[in-house]
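Participant: From first to last, the protein sequence lines stand for chains C and L. Using our numbering, read the first sequence as starting at 1 and increasing by one per residue. Using our numbering, read the second sequence as starting at 1 and increasing by one per residue.
Keep in mind the hints are simulated off the structure, nothing from the lab. Computed from a prediction, not measured in an experiment: that's the story for all the values here. Hints may be right or wrong, so weigh each one.
So the derived list for chain C, only partly shown, Cβ under 10 Å to chain L, looks like this [claimed, not checked]:
| # | residue |
| --- | --- |
| 1 | Asp10 |
| 2 | Val17 |
| 3 | Arg24 |
| 4 | Ile35 |
| 5 | Arg39 |
| 6 | Leu44 |
| 7 | Thr48 |
| 8 | Phe106 |
| 9 | Val221 |
| 10 | Thr268 |
Here are the computed lysine to aspartate or glutamate pairs in the EDC-like style, where the Cα-Cα straight-line distance is at most 16 Å [as the list claims (entries may be wrong)]:
| # | chain 1 | residue 1 | chain 2 | residue 2 |
| --- | --- | --- | --- | --- |
| 11 | C | Lys36 | L | Asp242 |
| 12 | C | Lys103 | C | Asp46 |
| 13 | L | Lys298 | L | Asp222 |
| 14 | L | Lys225 | L | Asp198 |
| 15 | L | Lys133 | L | Glu92 |
| 16 | C | Lys103 | L | Glu92 |
| 17 | L | Lys298 | L | Asp273 |
| 18 | C | Lys15 | L | Asp73 |
| 19 | L | Lys72 | L | Asp59 |
| 20 | C | Lys15 | L | Asp69 |
| 21 | C | Lys182 | C | Asp243 |
| 22 | L | Lys72 | L | Asp169 |
The C-beta atom is built at its ideal place from N, Cα and C for all residues, glycine as well.
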Amino acid sequence: MTAVVTSGFDRTLPKHVPLRQTWRDTVIMAKRSLIKMRRTPEQLIDVTLQPIIFTVMFTYIFGGAIAGDVQSYLPLFIPGILVQTVLTGAAAAGTNLRDDMDKGVFDRFKSLPIARIAPLSGALMGDLVRYLIAATITFVMAYIMGYHPGGGLFGVVATTLLVMACAWALSWIFALIGVSMKSSRGVQGISFLILFPLTFLSSAFVPTETMPGWLQAFVKVNPVTHIISAARNLCNEGTFGTDGWYALLGAAIVIAIFAPLAVRKYRTHT
Amino acid sequence: MTNEWAIEAHGLVKDFGEQRAVDHVDLQVAPGIVYGVLGPNGAGKTTTIRMLATLLGLDGGEAKIFGHDVVKDAHRVRQLIGVTGQYASVDETLTARENLDIFCRLQGLTGKAVAAKSDELLASFGLTDAANKPLQNFSGGMRRRLDLAASLISRPPLIFLDEPTTGLDPRTRSQMWDTIRELVAAGSTVLLTTQYLDEADQLADRIAVIDTGRVVAEGTSDDLKALVGTSALQLTLEETADAAAASDLVARITGTAPTLSPESRRINAPLNDTAVVTDVLVALRDAGIEVTEMSLQKPSLDEVFLTITGHSADYNAADPTNDTEFEEVSA
Numbered sequence: 001m002t003a004v005v006t007s008g009f010d011r012t013l014p015k016h017v018p019l020r021q022t023w024r025d026t027v028i029m030a031k032r033s034l035i036k037m038r039r040t041p042e043q044l045i046d047v048t049l050q051p052i053i054f055t056v057m058f059t060y061i062f063g064g065a066i067a068g069d070v071q072s073y074l075p076l077f078i079p080g081i082l083v084q085t086v087l088t089g090a091a092a093a094g095t096n097l098r099d100d101m102d103k104g105v106f107d108r109f110k111s112l113p114i115a116r117i118a119p120l121s122g123a124l125m126g127d128l129v130r131y132l133i134a135a136t137i138t139f140v141m142a143y144i145m146g147y148h149p150g151g152g153l154f155g156v157v158a159t160t161l162l163v164m165a166c167a168w169a170l171s172w173i174f175a176l177i178g179v180s181m182k183s184s185r186g187v188q189g190i191s192f193l194i195l196f197p198l199t200f201l202s203s204a205f206v207p208t209e210t211m212p213g214w215l216q217a218f219v220k221v222n223p224v225t226h227i228i229s230a231a232r233n234l235c236n237e238g239t240f241g242t243d244g245w246y247a248l249l250g251a252a253i254v255i256a257i258f259a260p261l262a263v264r265k266y267r268t269h270t
Numbered sequence: 001m002t003n004e005w006a007i008e009a010h011g012l013v014k015d016f017g018e019q020r021a022v023d024h025v026d027l028q029v030a031p032g033i034v035y036g037v038l039g040p041n042g043a044g045k046t047t048t049i050r051m052l053a054t055l056l057g058l059d060g061g062e063a064k065i066f067g068h069d070v071v072k073d074a075h076r077v078r079q080l081i082g083v084t085g086q087y088a089s090v091d092e093t094l095t096a097r098e099n100l101d102i103f104c105r106l107q108g109l110t111g112k113a114v115a116a117k118s119d120e121l122l123a124s125f126g127l128t129d130a131a132n133k134p135l136q137n138f139s140g141g142m143r144r145r146l147d148l149a150a151s152l153i154s155r156p157p158l159i160f161l162d163e164p165t166t167g168l169d170p171r172t173r174s175q176m177w178d179t180i181r182e183l184v185a186a187g188s189t190v191l192l193t194t195q196y197l198d199e200a201d202q203l204a205d206r207i208a209v210i211d212t213g214r215v216v217a218e219g220t221s222d223d224l225k226a227l228v229g230t231s232a233l234q235l236t237l238e239e240t241a242d243a244a245a246a247s248d249l250v251a252r253i254t255g256t257a258p259t260l261s262p263e264s265r266r267i268n269a270p271l272n273d274t275a276v277v278t279d280v281l282v283a284l285r286d287a288g289i290e291v292t293e294m295s296l297q298k299p300s301l302d303e304v305f306l307t308i309t310g311h312s313a314d315y316n317a318a319d320p321t322n323d324t325e326f327e328e329v330s331a
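Put together the whole structure using the sequences plus the hints.
Facilitator: Here's what the structure looks like:
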């Protein structure tokens, strides 16, 4: 504290955050999330225990009824439950963000000359690790139950990457809810109200043919259906088709709409 | 002229729903000084700081930090300020070093410079031994120190300190005062809020007294003391009926009009010369007015408020130990 501080009048100051710094700040914030994750492992329950329980439970409940036997159900079901599990992990983004924002450290982030988006994008980027854990555990459980993906290792890795990317995109919806609401309980309620129709009104568990027409119409436009179809193609055949492009397009649209909204809400949050 | 102030605010307004938290506050702070914002809880001190530090939008008025508008030029303002809030704005789940490392990186430091800066700050705030412990085990004073350390990474020319010593023990408090003096000696400008007149007196070159969102007095600490006298005499009377007579008597002897709280039978008189207390007591005895309680106090925020606003600050209701604790430290 002995060195002399440069006067506030004699400093050259950029008016905006350069794009490169935005990326840098995001990565720093993502690293912060990872440290926090390591310190509070209980935050990982939803992406560790849930894939184990849900994968096994639903496979044996629905397997015989829907596909005749468990083995034939696995190729249909595993990509579906994978997407559902990872998206459930994404839905926690809002709650985690809300809890984090209620702590004093966010005041400091706001007072620092950093990219406004970084505290949000960094936290969501750190969540990619959660999605990776959920996907890995789901595939391991599937393998134990006898699932041998036709797409091979390439299919599994590509599916994981696609699902992680889509979950990251959809997590911006939950981030917006997180920064908009006052209590984390409220955030959790709304997040699940959005999550359940998205994941259950899709082709995740059952073939859509038996559903009534109006429901089929929704299922068809539901981006989650496209993610699941793309995941099935990659896992079982190792191919990337129209559904994959639709899924990525949907992801891009969600980011384009919800990321700016979330950042704006975060900036004006008092 | 506008470019000469470290802080220049005109007509700041902030509403929270129906309630106006900050009501047309004007502030002009010259560079290189400690500026104290003095007021009770809920007076609008924190809200004012949050607006100046770009943490809160303005509902009216404008503010400039070294000539940069806090709304239009927020990113530039953030490069010039360090903010230490009333509640430590550091990460609870991280260690002290992890906290500082992250803030260093966010301030643009890379590679070895990060560890070097963190080491330097940990050492100068006496946190080296606790550097790798989680903050859950930190005392309030340690958290406050870490928080301040984190605000100084970029050597900001303007530092906001929101009640930097509230809740600290006397020793930590005086360390905090020393640190603040060092910051100013190095060339920074410090704006601090406080509930304690003595703290403002010890540290601040100029003081703004704020109450219910308005600046009610501004000046050097001598200016303020001239308003309240160097000490205050408090009398509690046996009989409510004696209040008017006693008040006249006190006014005649001390030369200034005392404040009366008839319902509590209390008289509060600013004094410049404590020797007149004897005269007051003798006169009261001669007039047959019975006194049940008598005390002589250094001027407190209460007296400033009574004198300037005509009503009690009532800040003691929140924490009755605050002021007494503080008197011991400064005595």
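Participant: Does each hint hold? Answer for all of them.
Facilitator: Hints, verified against the model:
| no. | hint | verdict |
| --- | --- | --- |
| 1 | Asp10 | holds (9 Å) |
| 2 | Val17 | holds (6 Å) |
| 3 | Arg24 | holds (8 Å) |
| 4 | Ile35 | holds (6 Å) |
| 5 | Arg39 | holds (5 Å) |
| 6 | Leu44 | violated (14 Å) |
| 7 | Thr48 | violated (19 Å) |
| 8 | Phe106 | holds (8 Å) |
| 9 | Val221 | violated (38 Å) |
| 10 | Thr268 | holds (7 Å) |
| 11 | C:Lys36 - L:Asp242 | violated (66 Å) |
| 12 | C:Lys103 - C:Asp46 | violated (23 Å) |
| 13 | L:Lys298 - L:Asp222 | holds (14 Å) |
| 14 | L:Lys225 - L:Asp198 | holds (11 Å) |
| 15 | L:Lys133 - L:Glu92 | holds (11 Å) |
| 16 | C:Lys103 - L:Glu92 | holds (8 Å) |
| 17 | L:Lys298 - L:Asp273 | holds (12 Å) |
| 18 | C:Lys15 - L:Asp73 | holds (7 Å) |
| 19 | L:Lys72 - L:Asp59 | holds (14 Å) |
| 20 | C:Lys15 - L:Asp69 | holds (11 Å) |
| 21 | C:Lys182 - C:Asp243 | violated (37 Å) |
| 22 | L:Lys72 - L:Asp169 | violated (40 Å) |
Checked against the numbered hints given earlier, this structure breaks hints 6, 7, 9, 11, 12, 21 and 22; the rest are met.
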